Amino acid sequence: MSVMTYIGAIGAAQQEAMSADERVIIIGEDVEANVYGTTGGGKQRAEKGDFVEQFGQNRIRNTPISEEAIVGTAIGAAMTGLRPIVDLSYSSFLYMAMDQFVNQAAKNRYMFGGQSSIPVVFRSAMFYGLNTGAHHSDRPYPMFMNVPGLKIMAPATASDAKGLLRSAIDSDDPVLTFEAVPLWGQKEEVPDEEYHIPFGVARTHREGSDITIVGISGSLPLALQAADEMEARGVSCEVIDPRTLVPMDTDTIVRSVLKTGRLVIAEPAHRTCGAAAEIAAIVADKAQHALVAPIKRVCALDMQVPFSPVLEREIYPTKERIVAAIEAVCADQLNQVNRRAS
Amino acid sequence: MIDGLSLPKDELLEMQRRMLRIRLFDERASKMVKRGYIPGTVHTSIGQEAQVVGACMALAKGDHMTGNHRSHGHPIGMGSPLGPLMAELVGKATGVCKGKGGSLHLADYEVGSLGESGITGSSIPIAVGASLSAQVLGEKRVAITFFGDGTANQGVLYESMNLASAYKLPVIFLCENNFYALSTPSHTVTGGRIVDRASGFGMPGVRVENGQDVIAVYNAVREAADRARRGEGPSLVEVMTYRFREHSEGLRINVDYRNAEEKALWTSRDPIILFRDLLIEKGIATADEMDAIDAEIEQEVEDCATFALESPDPDVSVAFEHLYTDDYKLENVL
Ligand SMILES: Cc1ncc(C[n+]2csc(CCOP(=O)(O)OP(=O)(O)O)c2C)c(N)n1
Ligand SMILES: [Mg+2]
Numbered sequence: 000m001s002v003m004t005y006i007g008a009i010g011a012a013q014q015e016a017m018s019a020d021e022r023v024i025i026i027g028e029d030v031e032a033n034v035y036g037t038t039g040g041g042k043q044r045a046e047k048g049d050f051v052e053q054f055g056q057n058r059i060r061n062t063p064i065s066e067e068a069i070v071g072t073a074i075g076a077a078m079t080g081l082r083p084i085v086d087l088s089y090s091s092f093l094y095m096a097m098d099q100f101v102n103q104a105a106k107n108r109y110m111f112g113g114q115s116s117i118p119v120v121f122r123s124a125m126f127y128g129l130n131t132g133a134h135h136s137d138r139p140y141p142m143f144m145n146v147p148g149l150k151i152m153a154p155a156t157a158s159d160a161k162g163l164l165r166s167a168i169d170s171d172d173p174v175l176t177f178e179a180v181p182l183w184g185q186k187e188e189v190p191d192e193e194y195h196i197p198f199g200v201a202r203t204h205r206e207g208s209d210i211t212i213v214g215i216s217g218s219l220p221l222a223l224q225a226a227d228e229m230e231a232r233g234v235s236c237e238v239i240d241p242r243t244l245v246p247m248d249t250d251t252i253v254r255s256v257l258k259t260g261r262l263v264i265a266e267p268a269h270r271t272c273g274a275a276a277e278i279a280a281i282v283a284d285k286a287q288h289a290l291v292a293p294i295k296r297v298c299a300l301d302m303q304v305p306f307s308p309v310l311e312r313e314i315y316p317t318k319e320r321i322v323a324a325i326e327a328v329c330a331d332q333l334n335q336v337n338r339r340a341s
Numbered sequence: 000m001i002d003g004l005s006l007p008k009d010e011l012l013e014m015q016r017r018m019l020r021i022r023l024f025d026e027r028a029s030k031m032v033k034r035g036y037i038p039g040t041v042h043t044s045i046g047q048e049a050q051v052v053g054a055c056m057a058l059a060k061g062d063h064m065t066g067n068h069r070s071h072g073h074p075i076g077m078g079s080p081l082g083p084l085m086a087e088l089v090g091k092a093t094g095v096c097k098g099k100g101g102s103l104h105l106a107d108y109e110v111g112s113l114g115e116s117g118i119t120g121s122s123i124p125i126a127v128g129a130s131l132s133a134q135v136l137g138e139k140r141v142a143i144t145f146f147g148d149g150t151a152n153q154g155v156l157y158e159s160m161n162l163a164s165a166y167k168l169p170v171i172f173l174c175e176n177n178f179y180a181l182s183t184p185s186h187t188v189t190g191g192r193i194v195d196r197a198s199g200f201g202m203p204g205v206r207v208e209n210g211q212d213v214i215a216v217y218n219a220v221r222e223a224a225d226r227a228r229r230g231e232g233p234s235l236v237e238v239m240t241y242r243f244r245e246h247s248e249g250l251r252i253n254v255d256y257r258n259a260e261e262k263a264l265w266t267s268r269d270p271i272i273l274f275r276d277l278l279i280e281k282g283i284a285t286a287d288e289m290d291a292i293d294a295e296i297e298q299e300v301e302d303c304a305t306f307a308l309e310s311p312d313p314d315v316s317v318a319f320e321h322l323y324t325d326d327y328k329l330e331n332v333l
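Sequences listed follow chains Z and G, in order.
Throughout the first sequence, residue numbering follows numbering that gives the first Met the number 0, covering 0 to 341 in sequence.
Throughout the second sequence, residue numbering follows numbering that gives the first Met the number 0, covering 0 to 333 in sequence.
Because the hints were derived from the structure by calculation, they are not lab data.
Careful: at least some of the hints might be erroneous.
[Claimed, not checked] One side only, chain G facing chain Z, incomplete, derived with CB under 8 angstroms:
1. Leu12
2. Val32
3. Leu113
4. Thr119
5. Val155
6. Leu162
7. Met239
8. Arg242
9. Phe243
[What the hints assert, rightly or not] From chain Z, some residues computed to sit far from chain G (all C-beta separations above 10 angstroms):
10. Gln53
11. Arg58
12. Arg60
13. Glu67
14. Ile69
15. Leu81
16. Asp98
17. Gly132
18. His135
19. Pro147
20. Arg165
21. Asp171
22. Asp172
23. Lys258
24. Arg270
If you're wondering where the values come from, they're calculated on a predicted model, not measured in any experiment.
For every residue, glycine included, the Cβ atom is placed at its ideal position computed from N, Cα and C.
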């Protein structure tokens, strides 16, 4: 095991995949100079591990600023023998290529009766909470969850990012990755050997018996902090990260709620029609009899992202908001603890 | 430069066969829409056969093609057998896409047909991608994408042309200029000539003024394909042609947006009759030989319709297949 950052893990997965399979290429804006830090040994191009030096310009290509053409070209290349990784940098830029995601990537295999497979990965990062203003801060993964035919991963830790990205690159279906920039610097122990994490398998970060907390992407560390705090106050928290949103391991979440009877879901996307809404609906459907309290969602508010740091802070889930949600549905436990204490 | 007329006789006759297949297939499809055998609607390529076949015949085995909503001619031009195409239009299990695509989404990977597109412009970058894979993998194939004059005003075309030119990709952008985007006369919504846009991207642009002449189309596309195969990059080919029927079958537009004179002029330039006459005039084939080809294709189309109508419906379980390559479990399957 060695300690790696979240962004380092993404670079490492790309490096391994490029070495393992000649058909893997990386295209995107500014990938040759490693501007976003996932196509080189370090931030600087000259550092050892530079992808252009290792793999050559045939397989690492800067593109024009043409998101629609880049995405469509990658789809066509995937349908005819390559396994492209497209670095779209900011998740907010996916909208430029919406037609290609929705009408080509997601539909071609289905419409053509299985004649094509489309092994392509579209990487993008959610630059939220970083004072980049409304045009660069989106967390749009729920929009794409509404497009059957796409697979979606939203890892929250370094080891998950690495193992899931390898699976994404090896998958024969189009995968969208939503990386959380606030987590880029977070470190975790990562296995030294190559490994894959299957899609559709949730990770239970801690076990507990009073409440299930689902933390997605950048909200996972906050959920874990909230769980620590509540544990100290006598509430036993189970914290689950689904890791992939399509397919989603709802079984693990439902099983957990059958045990705890309570559910709080935290995610950085908007509340309306978000991943949390979908999880809440599935749990209401499959574990309604076990629920002893309403399901609470802690999401980004349904509003645009303001620029000023003072303003931006207000809109995303925080540890405090998650704690407040837990308090609201765990009043019984907290009262008991208080009674015992007094 | 290769002159199509110097091609071996069997290839020239094959051009006529493919044009006839498109004509008779689409005439039959039109009737089958009217009689309710084909659900939904279809867009015929009747009148544009030379533009389609001249282009497809200029390609080689292993090349790729993406098309648009005027969707039957392209796979037929690439050599796709008619039975599974017609069965697809009818929605049968034996359809080339197992009954899941329909008229607008024909694809036959056996002949390099990567897919037609109901969304105009959407399949243009897909062909660029097929040419990128050829370049990266060092394979000598080329790709072609067909789009209309109306579609030529979509931004995705220009992103694609620029990318292809910058990377010197082996791809041909073929504009099927039939003067109208549905009911809208092209010149009223288009600035300048489409072909002139090529030079802005540093690629050759040629306009085939007589797109009813299959050899003229062949020659232009053959040159673009040879150039692409030599590694010299993409080309834009604009072919002037005309659709003889309404935009789509069953569509009734009360405003007479195409006048009778214009229609009469163009229908007098029937690409199939023109080519037949040319082959006979040049002494390449006899009238009897050409008659025999007519009869042969008439039979083929008769057979494809019978095949389509007699084929079984798809099993309902097929609706739930092919969303992903692995056995992903749908929530709430019926
Ligand atoms: C993105 C998109 N916009 C609009 C349409 C509706 N539509 C279908 S065909 C068509 C006209 C296309 O004209 P052109 O590109 O010249 O092709 P033609 O039908 O003349 O062959 C329109 C507007 C569509 N299918 N897709
Ligand atoms: Mg047109």
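Structure-based check of all given hints:
1. Leu12: 30 angstroms, violated
2. Val32: Violated - the Cβ of valine 32 of chain G stays beyond 8 angstroms from chain Z, reaching only about 20 angstroms at its closest.
3. Leu113: Given a least distance of 6 angstroms, the restraint on leucine 113 of chain G holds.
4. Thr119: 10 angstroms, violated
5. Val155: Since the shortest Cβ distance to chain Z is 5 angstroms, the answer is holds.
6. Leu162: Holds. Min distance 5 angstroms.
7. Met239: Result: violated, 26 angstroms to nearest chain Z Cβ.
8. Arg242: 24 angstroms, violated
9. Phe243: At about 28 angstroms, which exceeds the 8 angstroms cut-off, the nearest Cβ of chain Z leaves the hint on phenylalanine 243 of chain G violated.
10. Gln53: Holds, since 16 angstroms exceeds 10 angstroms.
11. Arg58: 7 angstroms, violated
12. Arg60: 7 angstroms, violated
13. Glu67: Glutamate 67 of chain Z not clear of chain G: closest Cβ-Cβ about 5 angstroms, inside 10 angstroms.
14. Ile69: 7 angstroms, violated
15. Leu81: 5 angstroms, violated
16. Asp98: 6 angstroms, violated
17. Gly132: Glycine 132 of chain Z is indeed farther than 10 angstroms from all Cβ atoms of chain G, at 25 angstroms.
18. His135: The claim stands: histidine 135 of chain Z keeps its Cβ more than 10 angstroms from every Cβ of chain G (closest is about 21 angstroms).
19. Pro147: 6 angstroms, violated
20. Arg165: Given a closest Cβ separation of 16 angstroms, the condition holds.
21. Asp171: 4 angstroms, violated
22. Asp172: At roughly 5 angstroms from the nearest Cβ of chain G, aspartate 172 of chain Z sits no farther out than 10 angstroms, so the non-interface label is violated.
23. Lys258: 22 angstroms, holds
24. Arg270: Given that every Cβ of chain G is farther than 10 angstroms from that of arginine 270 of chain Z, nearest at about 21 angstroms, it holds.
Consistency note: the structure conflicts with the earlier hints numbered 1, 2, 4, 7, 8, 9, 11, 12, 13, 14, 15, 16, 19, 21 and 22.
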